[in-house]
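J.: Given the coordinates of chain A, work out where chain B should sit on it, guided by the hints.
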Amino acid sequence: MSWWTPTVEAAFIAMLQALVILLGAVLLGAVMTVVERRLLGLWQDRYGPNRVGPFGSLQLVADMLKIFFKEDWIPPFADRTLFVLAPAIAMASLLLSFMIIPITPGWGVADLHIGLLFFLAMAGINVYAVLFGGWSSGNKYALIGAMRASAQTLSYEVFMGLALMGVVAMAGSFNMREIVDAQEGIWFVIPQFFGFCTFLLAGVAVTHRAPFDQPEAEQELADGYHVEYSSMKFGMFFIGEYVGMVLVSALIVTLFFGGWHGPLLPPIVWFALKTGFFLVLFVLLRAALPRPRYDRVMSFGWKVCLPLTLVNLLVTGAVILLVSPQ
Amino acid sequence: MEFAFYLSGLVAVLATLGVIISPNPVHALLYLIVSLIAVAMVFFSLGAPFAGALEIIVYAGAIMVLFVFVVMMLNLGEAAVEQEKAWLSPGTWRGPAVLAAVLLVTLVVTLWQGDIGMVIAGETLTAKAVGVTLFGPWLLIVELGAMLLLAALVTASHVGRLAAPRQASGRDSSGKEGA
Chain A
1 MSWWTPTVEA
11 AFIAMLQALV
21 ILLGAVLLGA
31 VMTVVERRLL
41 GLWQDRYGPN
51 RVGPFGSLQL
61 VADMLKIFFK
71 EDWIPPFADR
81 TLFVLAPAIA
91 MASLLLSFMI
101 IPITPGWGVA
111 DLHIGLLFFL
121 AMAGINVYAV
131 LFGGWSSGNK
141 YALIGAMRAS
151 AQTLSYEVFM
161 GLALMGVVAM
171 AGSFNMREIV
181 DAQEGIWFVI
191 PQFFGFCTFL
201 LAGVAVTHRA
211 PFDQPEAEQE
221 LADGYHVEYS
231 SMKFGMFFIG
241 EYVGMVLVSA
251 LIVTLFFGGW
261 HGPLLPPIVW
271 FALKTGFFLV
281 LFVLLRAALP
291 RPRYDRVMSF
301 GWKVCLPLTL
311 VNLLVTGAVI
321 LLVSPQ
Chain B
1 MEFAFYLSGL
11 VAVLATLGVI
21 ISPNPVHALL
31 YLIVSLIAVA
41 MVFFSLGAPF
51 AGALEIIVYA
61 GAIMVLFVFV
71 VMMLNLGEAA
81 VEQEKAWLSP
91 GTWRGPAVLA
101 AVLLVTLVVT
111 LWQGDIGMVI
121 AGETLTAKAV
131 GVTLFGPWLL
141 IVELGAMLLL
151 AALVTASHVG
161 RLAAPRQASG
171 RDSSGKEGA
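Line by line, the protein sequences are chains A and B. Sequential numbering of the first sequence, starting at 1, is according to UniProt numbering. Sequential numbering of the second sequence, starting at 1, is according to UniProt numbering.
Hints listed in this document are in silico derivations from the structure and should not be mistaken for laboratory results. A few of these clues could be false.
Simulated coverage check for chain B against chain A, where a stretch passes if three residues somewhere in it have a Cβ under 8 Å from a Cβ of chain A [claimed, not checked]:
#: 1; segment: 26-33
#: 2; segment: 61-69
Some residues of chain B that are not near chain A, with every Cβ distance over 10 Å (derived) [claimed, not checked]:
#: 3; residue: G9
#: 4; residue: V11
#: 5; residue: P165
From the structure, some residues in chain A lie toward chain B, with a derived Cβ separation under 8 Å [unchecked claim]:
#: 6; residue: I74
#: 7; residue: A78
#: 8; residue: L82
#: 9; residue: F83
#: 10; residue: V84
#: 11; residue: H113
#: 12; residue: I114
#: 13; residue: L117
#: 14; residue: F118
#: 15; residue: L120
#: 16; residue: I125
#: 17; residue: V127
#: 18; residue: Y128
#: 19; residue: L131
#: 20; residue: W135
#: 21; residue: S150
Backbone N, C-alpha and C fix where the C-beta goes; we use that ideal spot for every residue, glycine too.
One chain only, chain B, in its complex shape:
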């Protein structure tokens, strides 16, 4: 399992790098999907298949589809690719790269001092265990999260509602107006 963990971790890091440096937005999203699947693989190798499956279903299967959907609707062409390439000039990424390197050094040093072997070997978490934990000690958080999602849903349906048609009668008039 340790081998699978490091391999999928490496894929996740490389794919995320691909998201940042890919000039084509659709290709960048493809890298992001690969990265999410790799993170799901990390979950699998850590003994949490339920979290891994949900990662794929929710992030790769639903949220990213909407991202891809929107980017495709925008019909970005060569101009967008050129702009992305211009943004990736050394002057732009030099500053953030230094800051990120500092963070990386901190992370590596912290990991170096801890016991890495303990983290990877773990017991397999079943869906039942996750459910019992969520609806036991964490019930309040789950309910609050549900309320937050409901509020978001109501807001989205309010923002996205269509204006009432001016004429209720006349079935084909609305179709012609739309065109």
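Chain A extracted, bound-state conformation:
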């Protein structure tokens, strides 16, 4: 066993961790599809899926079987290369972003010192999934959905980055672990409350979840950009949306709610509890709010959220300079 040096062991453990986090993220996304339907049923005073297994717990297995065995159809009028590429981009860019999230002091994939920028870069790449998916389908509803989605994502990404800069300024680093460590005394949600609000809104809009799901509005667009997709290609878009939800929840916890910090319970439990809370909040938003008109979504982003984040950033910078002038 001469090759089993501490370096090899560390590399092996790191790879295993990365694999567990990857599978955990995908599985959590898949489980959320069913949890969401049950919760929606609860809040809307109906049953939801409760037939497969005890309390509908095996609904996920049934859905998976169905989606795997459906015919994987590529429309003859579609642009094949981009049609196949789009769902892969959707899934890959979101899963790659999990790389930067520190789950506990010992768990996490990469400790990049540009951490947060990596997430913003991946969110930028994620737009192409919708854009290419919608265009390559050769369907006007898909194209309109893709147009709406990309315009919306682009508008909300502008202040999503700006909303986070307050946190970066307070922590003095883009590194996620340093941001978590900076919150040991006080969670950033209190000094950065407006940053938190705008980031939450931007997170919902960028994952195009209700009430910002105009790109997929079924009444107007018959499901938007993924209307021509079937089987597992549709599944990638569908699960990708939930993976995005998990990602945004985990990011909110890491950036604004102190990550793994918390009294009594072990770090992993605190992280899971906080992330679970925001996942449920995502579902509650969908259950409670109607869908606003598309132009109002856009003008709300540009005329309310963008100025708010800019003012927030200015005030944060001024306060930091007042408290600790160098």
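T.: Relative to the frame of chain A, chain B by itself:
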């Protein structure tokens, strides 16, 4: 890191070639995105992760999205592909190819005489270092750039403004006129 540098450099060159010779405009843009990501990888391998991340966020994530957006709105079909193919006939690219080859030879000769190893190995530049440099010695340039962008923004909002509606009252009349 040297291996990553050459590999992503090769991808960048091939993808840029793809941009030029691809007859389908959307495919050409896809190649351009790949090329930009490869250039970002070059930045990473040179030890400038901040510049690499910004390259992806700004160019691949924002500017190229607008390009793709516009090309998709134009709804270019088979006719555009045929036209592109016609433009790529040998007669068209022979002249530029010779000129580009001359430039390439000059570039290779210049690189050959310098010390290439020095260029690739470098220290990692952090975001803080970039910020301190930008807002220290280069403050004037940054401010001028900001003013230029503001001027562009004002111009764009002036050009893109909607004409004032003729009737202020009547909420649904404007919707019907638009359709």
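J.: Using the nearest Cβ pair, does S150 of chain A come within less than 8 Å of chain B?
T.: holds, 6 Å
J.: Counting residues of the segment 26-33 of chain B with a beta carbon closer than 8 Å to any beta carbon of chain A, are there 3 or more?
T.: Answer holds; 4 residues pass the 8 Å Cβ test.
J.: Next item in the hint list is A78 of chain A. Is there a CB on chain B closer than 8 Å to its CB?
T.: Violated, about 12 Å.
J.: For the hint on L131 of chain A, does the least C-beta distance to chain B fall short of 8 Å?
T.: holds, 6 Å
J.: Are L117 of chain A and chain B close enough, Cβ to Cβ, to be under 8 Å, as the hint says?
T.: Given a least distance of 4 Å, the restraint on L117 of chain A holds.
J.: With 8 Å as the cut and Cβ atoms as the points, is W135 of chain A at the interface with chain B?
T.: With a closest approach of 5 Å, the W135 of chain A hint holds.
J.: Is the interface hint for L120 of chain A satisfied, with its Cβ closer than 8 Å to some Cβ of chain B?
T.: Interface hint status for L120 of chain A: holds (5 Å vs cutoff 8 Å).
J.: Mind checking the CB of I114 of chain A against every CB in chain B and telling me if the closest is under 8 Å?
T.: holds, 5 Å
J.: Against chain A, does the segment 61-69 of chain B show at least 3 residues with beta-carbon separation below 8 Å?
T.: holds (count 6)
J.: Is P165 of chain B truly not at the interface, in the sense that its beta carbon sits beyond 10 Å from all beta carbons of chain A?
T.: Per Cβ check, P165 of chain B is outside 10 Å of chain A; nearest 14 Å; holds.
J.: Go through the hint on V127 of chain A and say holds or violated, using the shortest Cβ distance to chain B against 8 Å.
T.: Result: holds, 5 Å to nearest chain B Cβ.
J.: Have a go at the L82 of chain A hint: is there a Cβ in chain B nearer than 8 Å to its own Cβ?
T.: holds, 7 Å
Taken one by one, the earlier hints fail for this structure at numbers 6, 7, 9 and 10, listed in ascending order.
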